[in-house]
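With the hints as your guide, set chains V, U and E onto chain L.
Number of protein chains: 4
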Amino acid sequence: MSELGRWPISCEIPVQWGEMDALNHVNHTVFIRWMETARMHYFIACGFTDLFDSEGIGPILAGLKVDYNAPVGFPDTVTVHTTVTRIGNASFEMGYRITSSAKGDEDVATGTVSGVVFDYNSDSSTPMPDSLRASILQLEATGSV
Amino acid sequence: MSELGRWPISCEIPVQWGEMDALNHVNHTVFIRWMETARMHYFIACGFTDLFDSEGIGPILAGLKVDYNAPVGFPDTVTVHTTVTRIGNASFEMGYRITSSAKGDEDVATGTVSGVVFDYNSDSSTPMPDSLRASILQLEATGSV
Amino acid sequence: MSELGRWPISCEIPVQWGEMDALNHVNHTVFIRWMETARMHYFIACGFTDLFDSEGIGPILAGLKVDYNAPVGFPDTVTVHTTVTRIGNASFEMGYRITSSAKGDEDVATGTVSGVVFDYNSDSSTPMPDSLRASILQLEATGSV
Amino acid sequence: MSELGRWPISCEIPVQWGEMDALNHVNHTVFIRWMETARMHYFIACGFTDLFDSEGIGPILAGLKVDYNAPVGFPDTVTVHTTVTRIGNASFEMGYRITSSAKGDEDVATGTVSGVVFDYNSDSSTPMPDSLRASILQLEATGSV
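For the protein sequence lines, the chains are L, V, U and E, in the order given. For the first sequence, our numbering assigns the number 1 to the initial residue and increments by one for each residue that follows. For the second sequence, our numbering assigns the number 1 to the initial residue and increments by one for each residue that follows. For the third sequence, our numbering assigns the number 1 to the initial residue and increments by one for each residue that follows. For the fourth sequence, our numbering assigns the number 1 to the initial residue and increments by one for each residue that follows.
Next comes chain L alone, as it looks inside the complex (with noise of 0.2 Å):
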């Protein structure tokens, strides 16, 4: 049985001061902004970006769904750690936690996205292929591919 779910990538990024919108906190679009960077690492950890790269075969995102527990400000900076958390035929999930450093690490947000492997070759959904899957499986294992 794979093993999933155990945040083995994660980014610091802090806070823009632009970031925040007119009721003086972090805009609830940033939070998912960061969510993608972290998503995007991710991506490269497990070869997925090298994979679009050399076969055209890459992910696209299908929906998303996010908590807002507490605001955040500036300056802060914020942990967005990652994993997939299920694997299916052609598509997959993954969840998300943000933490706040000025809030001594509380979750800010936490959130999940479902993604389709798609071949922009074909224009149309594919398996995912399995060295791709396995270097997933790897990575949430071990935390490095």
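Worth flagging that the hints you see were computed from the coordinates, not collected in a lab. Glycine included, every Cβ here is placed at the ideal spot set by N, Cα and C. Accuracy of the hints is not assured; some may be wrong.
Said to hold, decoys possible - Listing some non-contacts, in silico: residues in chain L with all C-beta distances to chain V over 12 Å:
1. 33
2. 58
3. 109
4. 129
Unchecked claim - Here are the computed lysine-lysine pairs in the BS3-like style, where the Cα-Cα straight-line distance is at most 25 Å:
5. V:65 / L:65
6. E:65 / U:65
7. V:65 / V:103
For chains V, U and E alone, coordinates are given in the frame of chain L:
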């Protein structure tokens, strides 16, 4: 029985070139910014914005869920439709549909958000005032207040 | 003598709520995004976008200068006017005026950018093709190509 | 004679994937957001932020000028350096240098902004308070206040 879910508020927003990301489509966070703009137009229309200015009672975003159906490019103009779909004691839910002019008004994304009515004076959630509830019901039923 | 500086291209853009920052006004970077959108509409109109798609010759932004005259809030609609003010051998300059509907079409910002004509095949600047130069001159003189 | 232009404040900012635009480089407006973040760190360090909170006297951005030297991609980390280069009666100028880690700390952009000292109580510009002037001069001379 109150009637909800009638899409009384919508706004047209032209795509800006810089909203596209490295995959040549409008970045997925931009759809959520568009939904926020429609939400603020709704809050102005139903008097929630005035209530915040006069009494310090305003909305807080608790969570959101978005499904992406089709990519959007530049140039294009999207229309964001929004409606209140549920009113609880101190909470509410809203729905969103985004359509693309370039795609023949096809739905490119749908979404929901959950919000809480918050009293910024006491720093805690508060029941939705009856006057606001009545305005929302009228807006949903008739398209205006 | 060519005639330049006639503001042949303009576009209307509604302000989005999330474009305001913690000072309750539209963040100053957003004005520059609006200018970029108008610039891209200009590049489509004069054929620069097609030239990039067909021959790999496109514009590169070298510098910009912006003067901020008045703040912009939400809701409002701005109009961005743009024009080519100078054509060099392998470079060009454009001007921008942004007006606000809520302020009676007052200028809220003005700006200029300098750009270079770049051949992405040879990875170097290149003289502006005569056909593009003619299209720009016609667009400036008549408002259409 | 006061000494200015010593780059006393700098901050490191990792590039986010979604900051790239359709040309596969970080969008040019993002450089200006980075400069703003460094500027706010400077304002915190010299006490301008406290002055705004306590007395309603704060900075207003009047204009900016940016020169772009090299593109930035993802992943990368930039460092933004800032300094006050001139203090007038009720105005000031600041300089910026942005360097890229992936490019061996090459300058990728430089910029200047001009600002005005503004009294939000009287809604007009005001001479820079002596205490703020002294803090800026000390920060420029010694790197701390």
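Evaluation of the provided hints:
no.: 1; hint: 33; in the structure: violated (5 Å)
no.: 2; hint: 58; in the structure: violated (8 Å)
no.: 3; hint: 109; in the structure: violated (9 Å)
no.: 4; hint: 129; in the structure: holds (20 Å)
no.: 5; hint: V:65 / L:65; in the structure: holds (4 Å)
no.: 6; hint: E:65 / U:65; in the structure: holds (4 Å)
no.: 7; hint: V:65 / V:103; in the structure: holds (23 Å)
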